[in-house]
Amino acid sequence: MVTKDVSNLTRSELVKQLAARFPQLREQDLDQVVRLTFDQMGQALVAGRRIELRGFATFSVKERAPRLTRNPRSGEKVQTGVRKSVAFVMGKDLFDRLNPGK
Amino acid sequence: MPAAKTVKTSPALTKADLHQAISQQVGLSKTMASQLVDGVIDEIIGTLSQGREVKITGFGSFHIRHKKARTGRNPKTGIDAVISARRVVTFHVSQLLKKSLRQPQAKS
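For the protein sequence lines, the chains are A and B, in the order given.
In the numbering used here, each number is its position in the first sequence, counted from 1, plus 859.
In the numbering used here, each number is its position in the second sequence, counted from 1, plus 1.
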């Protein structure tokens, strides 16, 4: 996509918003904080660990069993490896803020 | 399709781990680190509650879905109950992270 969708929040915009909240901190430090936060979260998942962030959400790694698939071009059978995906469960605070009064 | 099973693991990553990493690597106090982590979460929730999406390169994206009201059942009592219309958040792992999940050794 060539045009930037302004309605999305990206990492760099997240840093800018934090800078407005924490004017006493340098923007480069905030950039590092945001990077580090998501790096740590990614690495935890790669290591197979769950992530539990109170007030936000829980992330866990799910393994899907390998299965036989077929290469549609050659008709050859291929064993698809163990697939891993990330399961996301909303926390209560997140739910409450998106659904006030429920 | 076989049911996906949750990977059993050692202790979960918590906010305390993030505070530790931030204070060590960025050189900020634990108190400040704690405020920053909560700040990040608050900005994400605030954005989502406006109906906007959050995309973090190399990690994943968060989207909002609007669910219509439907009839469900209380699994404990078996009584029918209306599940009200609500907004839920979905998360999609980035392609990059998905790759690393598949081959953990490939990541330095």
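Among these hints, one or two may not hold up.
[Said to hold, decoys possible] Chain B is faced by these chain A residues, among others (derived, beta-carbon under 8 Å):
1. Q876
2. A878
3. Q891
4. L912
5. L927
6. T928
7. R929
8. R932
9. K936
10. V937
11. S944
12. K951
13. L957
14. N958
[As the list claims (entries may be wrong)] With the C-beta cut set under 8 Å, the calculated list includes, among others, these residues of chain B facing chain A:
15. I42
16. R74
17. R88
It is worth saying that the hints were derived from the structure and are not from the lab.
None of these values were measured; they are calculated from a predicted model.
Note that CB positions come from ideal geometry on N, CA and C, so glycine has one too.
Comparing the hints with the structure gives:
1. For the restraint placing Q876/A at the interface with chain B, the shortest Cβ-Cβ distance is roughly 5 Å, inside the 8 Å limit, so the hint holds.
2. A hinted interface residue such as A878/A counts as satisfied when its beta carbon comes closer than 8 Å to some beta carbon of chain B; here the least separation is about 10 Å, so the hint is violated.
3. Checking Q891/A against chain B by beta carbon gives a least distance of about 5 Å; that is within 8 Å, so the hint holds.
4. Satisfaction of the interface hint for L912/A is found here, the shortest Cβ-Cβ separation to chain B being roughly 6 Å, below the 8 Å cut-off.
5. At its closest, the beta carbon of L927/A sits 12 Å from a beta carbon of chain B; the interface hint therefore is violated under the 8 Å criterion.
6. Evaluation of the T928/A hint against chain B yields a violated restraint, the C-beta minimum of about 12 Å exceeding 8 Å.
7. Contact between R929/A and chain B, as hinted, is not supported at the beta carbon level, the nearest pair being about 16 Å apart and thus beyond 8 Å.
8. Taking 8 Å as the C-beta cut-off, the interface hint given for R932/A is violated, the closest approach to chain B being about 22 Å.
9. Against a cut-off of 8 Å between C-beta atoms, the interface hint on K936/A is violated, since the closest Cβ of chain B lies about 18 Å away.
10. For V937/A, the interface hint is violated, the least distance from its beta-carbon to any beta-carbon of chain B being 15 Å, above 8 Å.
11. With a cut of 8 Å, the hint placing S944/A at the interface with chain B holds, because the nearest CB-to-CB distance is about 7 Å.
12. For K951/A, the shortest C-beta to C-beta distance to chain B is roughly 12 Å, which exceeds 8 Å, and the interface hint is violated.
13. About 4 Å separates the beta-carbon of L957/A from the nearest beta-carbon of chain B, less than 8 Å, and the hint is met.
14. Interface restraint check: N958/A against chain B, minimum CB-CB distance 5 Å, threshold 8 Å, status holds.
15. Of the supplied interface hints, the one on I42/B holds, with its beta-carbon coming within about 5 Å of a beta-carbon of chain A, less than 8 Å.
16. Taking 8 Å as the C-beta cut-off, the interface hint given for R74/B is violated, the closest approach to chain A being about 18 Å.
17. For the restraint placing R88/B at the interface with chain A, the shortest Cβ-Cβ distance is roughly 4 Å, inside the 8 Å limit, so the hint holds.
When held up to the earlier numbered hints, the structure conflicts with 2, 5, 6, 7, 8, 9, 10, 12, 16 and fits the remainder.
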